[in-house]
Amino acid sequence: MISALTANAGAKTAIARRRKGPGVLPGFGLSMGLTVVYLSLLVLLPLVILPLKSASLGWDGFWRVVTTPQALYAYQLTFGTALVAALINLVFGLVVAWVLVRYQFPGKKILDAMVDLPFALPTAVAGIALTALYVKTGWLGGPLNDWFDWQVAFTPIGIVVAMVFIGIPFVVRTVQPVLEDVEREIEEAAASLGADRWNTVRRVLLPTIVPALLTGFALAFARAIGEYGSVVFIAGNRPMVTEIAPLLIMSKLEQFDYVGAAAIATVMLSISFVLLLFINLLQGWQLRRGRRFA
Amino acid sequence: MNAVATDRPVHLTEPRWVRGLLLMVALGFLTLFLLLPLITVFVEAFKKGWAVYLAALTEPDAWSAIQLTLWVAVVSLAINLIFGVAAAWAIAKFEFRGKQLLITLIDLPFSVSPVVAGLVFVLLFGSQSWLWPFLQDHDLKIVYAVPGVVLATLFVTFPFIARELIPLMQAQGSEEEQAALTLGASGWQIFWRVTLPNIKWGLLYGAILCNARAMGEFGAVSVVSGHVRGLTNTLTLHVEILYGEYQFAASFAVASLLALLALVTLVIKNVVEWRSARPERVASAPQTAFASSVVAPRPATA
Numbered sequence: 001m002i003s004a005l006t007a008n009a010g011a012k013t014a015i016a017r018r019r020k021g022p023g024v025l026p027g028f029g030l031s032m033g034l035t036v037v038y039l040s041l042l043v044l045l046p047l048v049i050l051p052l053k054s055a056s057l058g059w060d061g062f063w064r065v066v067t068t069p070q071a072l073y074a075y076q077l078t079f080g081t082a083l084v085a086a087l088i089n090l091v092f093g094l095v096v097a098w099v100l101v102r103y104q105f106p107g108k109k110i111l112d113a114m115v116d117l118p119f120a121l122p123t124a125v126a127g128i129a130l131t132a133l134y135v136k137t138g139w140l141g142g143p144l145n146d147w148f149d150w151q152v153a154f155t156p157i158g159i160v161v162a163m164v165f166i167g168i169p170f171v172v173r174t175v176q177p178v179l180e181d182v183e184r185e186i187e188e189a190a191a192s193l194g195a196d197r198w199n200t201v202r203r204v205l206l207p208t209i210v211p212a213l214l215t216g217f218a219l220a221f222a223r224a225i226g227e228y229g230s231v232v233f234i235a236g237n238r239p240m241v242t243e244i245a246p247l248l249i250m251s252k253l254e255q256f257d258y259v260g261a262a263a264i265a266t267v268m269l270s271i272s273f274v275l276l277l278f279i280n281l282l283q284g285w286q287l288r289r290g291r292r293f294a
Numbered sequence: 001m002n003a004v005a006t007d008r009p010v011h012l013t014e015p016r017w018v019r020g021l022l023l024m025v026a027l028g029f030l031t032l033f034l035l036l037p038l039i040t041v042f043v044e045a046f047k048k049g050w051a052v053y054l055a056a057l058t059e060p061d062a063w064s065a066i067q068l069t070l071w072v073a074v075v076s077l078a079i080n081l082i083f084g085v086a087a088a089w090a091i092a093k094f095e096f097r098g099k100q101l102l103i104t105l106i107d108l109p110f111s112v113s114p115v116v117a118g119l120v121f122v123l124l125f126g127s128q129s130w131l132w133p134f135l136q137d138h139d140l141k142i143v144y145a146v147p148g149v150v151l152a153t154l155f156v157t158f159p160f161i162a163r164e165l166i167p168l169m170q171a172q173g174s175e176e177e178q179a180a181l182t183l184g185a186s187g188w189q190i191f192w193r194v195t196l197p198n199i200k201w202g203l204l205y206g207a208i209l210c211n212a213r214a215m216g217e218f219g220a221v222s223v224v225s226g227h228v229r230g231l232t233n234t235l236t237l238h239v240e241i242l243y244g245e246y247q248f249a250a251s252f253a254v255a256s257l258l259a260l261l262a263l264v265t266l267v268i269k270n271v272v273e274w275r276s277a278r279p280e281r282v283a284s285a286p287q288t289a290f291a292s293s294v295v296a297p298r299p300a301t302a
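Residue numbers (my numbering), protein chains in the order written: chain B, 1 to 294; chain U, 1 to 302.
Just chain U, same shape as in the assembly (with noise of 0.2 angstroms):
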């Protein structure tokens, strides 16, 4: 493995051999995991030829599947960014007690599981609930309808985009912001000329994460949307269904729409923390370079 260099000298680095071995283990696990199913993705969806591809991407299920996916992406996107970034302002700008408690329930959607999430939802608006006479008299559909779909998945991404900027927020403090405040700027305008372009490429990775989560939901959405072929079939669950029925090849071609989507998530991704962090890199490149040459032993405080 002549590949495998490193800019270590001799004594800081493993030999030749287990830098080969580690190498060769953990892309023959990046390879078993990651590379080959989402091949067999791609493989299965032509199996059948362009025919039958375009077939199942054209035919009136999954374009009604399409919308309804895109639909609720933007709808739960618009939500969230208001309310992320208002928990964000909230927790990053200001002192009170039990911040930390409230950082904590932000993330719980996270460790909830999405049948779970799903299950509340429908013990709350369906049928055998305190709720339902009430949503019957005013003729108001919430689960196995579009709405509990959207209110699912708005539980399922809250925490990607407040938790992606609370930590930017905090790290940027709000010197600027004070600035601005002192220079007579109003709440507002602070808030679109001073806090929003710091914070933009945090809000956009946080949005993205946050879409591509809304589109692939699956567990949460399964249990409140009922399967209502063409009225509340998201892609996920229009997969599912064809997949169920042993139309292997639409099954895949539909998932590979989703999978081309997480593709073009993680580029768009990774040209975000490219865009992000370069600044950042150029400010602290001189600090960097210096740390490294000088080897001396830092303070245990530092």
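Extracted from the complex, chain B is given alone in its bound form (with noise of 0.2 angstroms):
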């Protein structure tokens, strides 16, 4: 009785202070506090130790360890696979997100579920998955060497394989929402007005979902560029062949040389932070553009 008394009164003043407070419900002190310490001791506070660490160096020692011709090799390696397989996902995620949007077919709840398997298969299992596929030996790797004397597993070519799977869901996943919300009487009014199938599609339906297409393949470039468990297998780790920048600073700390790890881990760090960047203002696009046709 005393407590719903004190909480009604603490109702009354909380909306009297309604236009100065952030709002009227409690716990905004404690569910605030918690996050932004949890954040800051979880996250924020161990991602500085990296450019402290690094400053240790000095500004030119620094830049000789991550300007090391092993490290732009593998600088080049991880952008140009990570482009490479977001480049496949992008054409390919995009019929798979028609197919699964517009036609119906048996099976097709089944492919729906699969299409997140990425998500849940932890990496490292994709990882000996895929090298056991590619190998020479294997279903796939026999087959490609035997014919096209192609080597997959140990080759950059692997890279990619195992990024294009990773990324798979980061392009469906965006552009299905979007492709589901087109209003038909826009494919109506282009059909009526005397566009064919094709023009309808290419100047139509393409535009309202390019902004959704493009934050998808840079979610799945970005995942891709971190990648390591998927990845670690199939490289085999041959320096300047197959070694991306995950495997480099793994390395790094193998010969415990803690200070290069930082200053390549720095790197890709601030990488990120711009890719983030980036991936927000394309969401920011997509939400707009999504205005103007909803």
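Check each hint, because a few of them may be wrong.
In the DMTMM-like style, the derived pairs of lysine to aspartate or glutamate whose C-alpha atoms are separated by at most 20 angstroms in a straight line are [unchecked claim]:
#1 B:K109 - U:E273
#2 U:K269 - B:D112
#3 B:K108 - U:D7
#4 B:K109 - B:E180
#5 B:K109 - U:D7
#6 U:K48 - U:E245
#7 U:K200 - U:E273
#8 B:K136 - U:E245
#9 B:K136 - B:D149
#10 B:K108 - U:E273
#11 U:K200 - U:E176
#12 B:K136 - B:D146
#13 U:K200 - U:E175
#14 B:K108 - B:E180
So the derived list for chain B, only partly shown, Cβ under 7 angstroms to chain U, looks like this [stated by the list, open to error]:
#15 P26
#16 L34
#17 L39
#18 M114
#19 M250
Worth flagging that the hints you see were computed from the coordinates, not collected in a lab. Quick reminder that beta carbons are idealized off the backbone N, C-alpha and C, glycines included.
Build the complex from these two chains, which are given one at a time in their own frames, with help from the hints.
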């Protein structure tokens, strides 16, 4: 009874303070405090250690460590393979999203659920499975090697394969809802104005899903750059051949070169921040675009 | 491809051969990149028969890896549930400056490479860190021990629950909570009796994804664990060690456990999606039917 009364009184003062305070409900201090403390201790403070640790090298030393031929090759390989994988996902992700939204066929529900497999399957499991598939004795690696003389495992192509795997859900899941929301009337209008199907798709539908496509592409690219588990097995870790940036950090750690590892990690982290910012801008664009077409 | 049906009139869809082609491309792509790797895990696991499979799962190192993985998952799930709900409550129920920044920061662990996530904890608590003498004096082991594995897992799984709840709670608004408040409910009563029943499916959804990632995390855990067999080896690290020792059948046997976990996760996720979408769909069904039957241009501001 007393607690109810105080709660009532509290509510009244809270409502009186409404214009100034963050809101009327209780628990702002507690929930906000917990969030900020936890986030700071678990995420922000640990990340600050990277630039701090790298700073012990001095600017010249830092520059030397992050621009060795081995490091430059690792960035080049990481970005190159991630870009190719994200492009493959852009094309095939759009086709998968289109098929899942527009067509009816048996097994559609299962296929739709399967798209999330790369989120659910541990990356190490994906890594060894892809390697077993693409080595010379594997189901796919064998024929590819015998017929075309292509080697996938332990080459940059293998890295692309692993990055395609982990990137599949990003494009499909960002494009799918946008495609579902496209009003049929827009297509009706285009068709009634004499556009054939190809022109309707290219000039009317495609522009509405471009922001979502780009967002999915950027998300898949960002994920591929940092990927380790699924890539490490199929890449085989050969320096200057298949050593991507996360592998380089790992091998520096194994040589107890903590400062060198921190320097490379600082570069990777900065790139992640830039990508995060870019993705946020893209999503803002998508939101505005969505409103215009809704 | 007679199977490729569509509910659209002929002028609003592609020619039949295009539909067939697109479906074949999508099926081929998903078979190649999703289905074949999944099948490979189970085929390789049973290549040397049931006896080898069972032996791989029941040996002491595998058993301790299973226990550690379960323990780490339970701890990180419990902690992330508390902080995920707190973050979602603060962000969805109140207005304050810097909210967008906070949301971005919560998402941050998703865009950090797992290897970098593990590295920061090695740098913080490892043998070359400023904290090392203090940790030595008090006999505290964090890196290359279980606490490091938990910390790294917490880092990579932090966003799952919060980012699932934030949009859900923002969409639900806080009218119901305000009504409870005016009726005299306390803060905890509001949370347990009003908010929690509203967000339970979203919470479950986030918890499932968080759990799957916690059990399957590899990169971050690999950096901080030091691969001490029987002590800091999680299931994914055990898979890696067996694979490195060319014990492929055993490695895939352990991997098949994780693949099963992934399949169960997908099933539960879809059930939750179906359950949580149902009332919404029932509520909006008349509207959709209405909208699609009226072919009229909508005002641009709608």
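Holds or violated: is there a CB of chain U closer than 7 angstroms to the CB of M250 (chain B)? With a minimum Cβ separation of about 6 angstroms from chain U (threshold 7 angstroms), the hint on M250 (chain B) holds.
Restraint check for K200 (chain U) with E273 (chain U), where alpha carbons must lie at most 20 angstroms apart: holds (12 angstroms)
Check the hint pairing K109 (chain B) with D7 (chain U) against an upper bound of 20 angstroms on the C-alpha distance. Distance of about 17 angstroms is within 20 angstroms: holds.
Is the shortest C-beta separation between L34 (chain B) and chain U less than 7 angstroms? Since the shortest Cβ distance to chain U is 4 angstroms, the answer is holds.
For the pair supplied as a hint, K136 (chain B) and D146 (chain B), is the alpha-carbon distance within the 20 angstroms limit? Given pair K136 (chain B), D146 (chain B) holds - Cα atoms ~9 angstroms apart, limit 20 angstroms.
Is the straight-line distance between the alpha-carbon of K269 (chain U) and that of D112 (chain B) 20 angstroms or less? holds (12 angstroms)
Check the hint pairing K108 (chain B) with E273 (chain U) against an upper bound of 20 angstroms on the C-alpha distance. holds (16 angstroms)
Between K136 (chain B) and D149 (chain B), is the straight-line Cα distance small enough, at 20 angstroms or below? Holds - the C-alpha atoms of D149 (chain B) and K136 (chain B) are around 10 angstroms apart, at most 20 angstroms.
Report holds or violated for the interface hint on P26 (chain B), using the least CB-CB distance to chain U and a cut-off of 7 angstroms. holds (4 angstroms)
Hinted pair K200 (chain U) and E176 (chain U), Cα distance within 20 angstroms: Holds, because 15 angstroms separates the two Cα atoms, which is no more than 20 angstroms.
How about L39 (chain B): closest beta carbon in chain U under 7 angstroms, or not? holds (6 angstroms)
Regarding the pair K108 (chain B) and E180 (chain B), is the alpha-carbon distance no greater than 20 angstroms? holds (15 angstroms)
Comparing the model with each numbered hint stated earlier shows that all of them hold.
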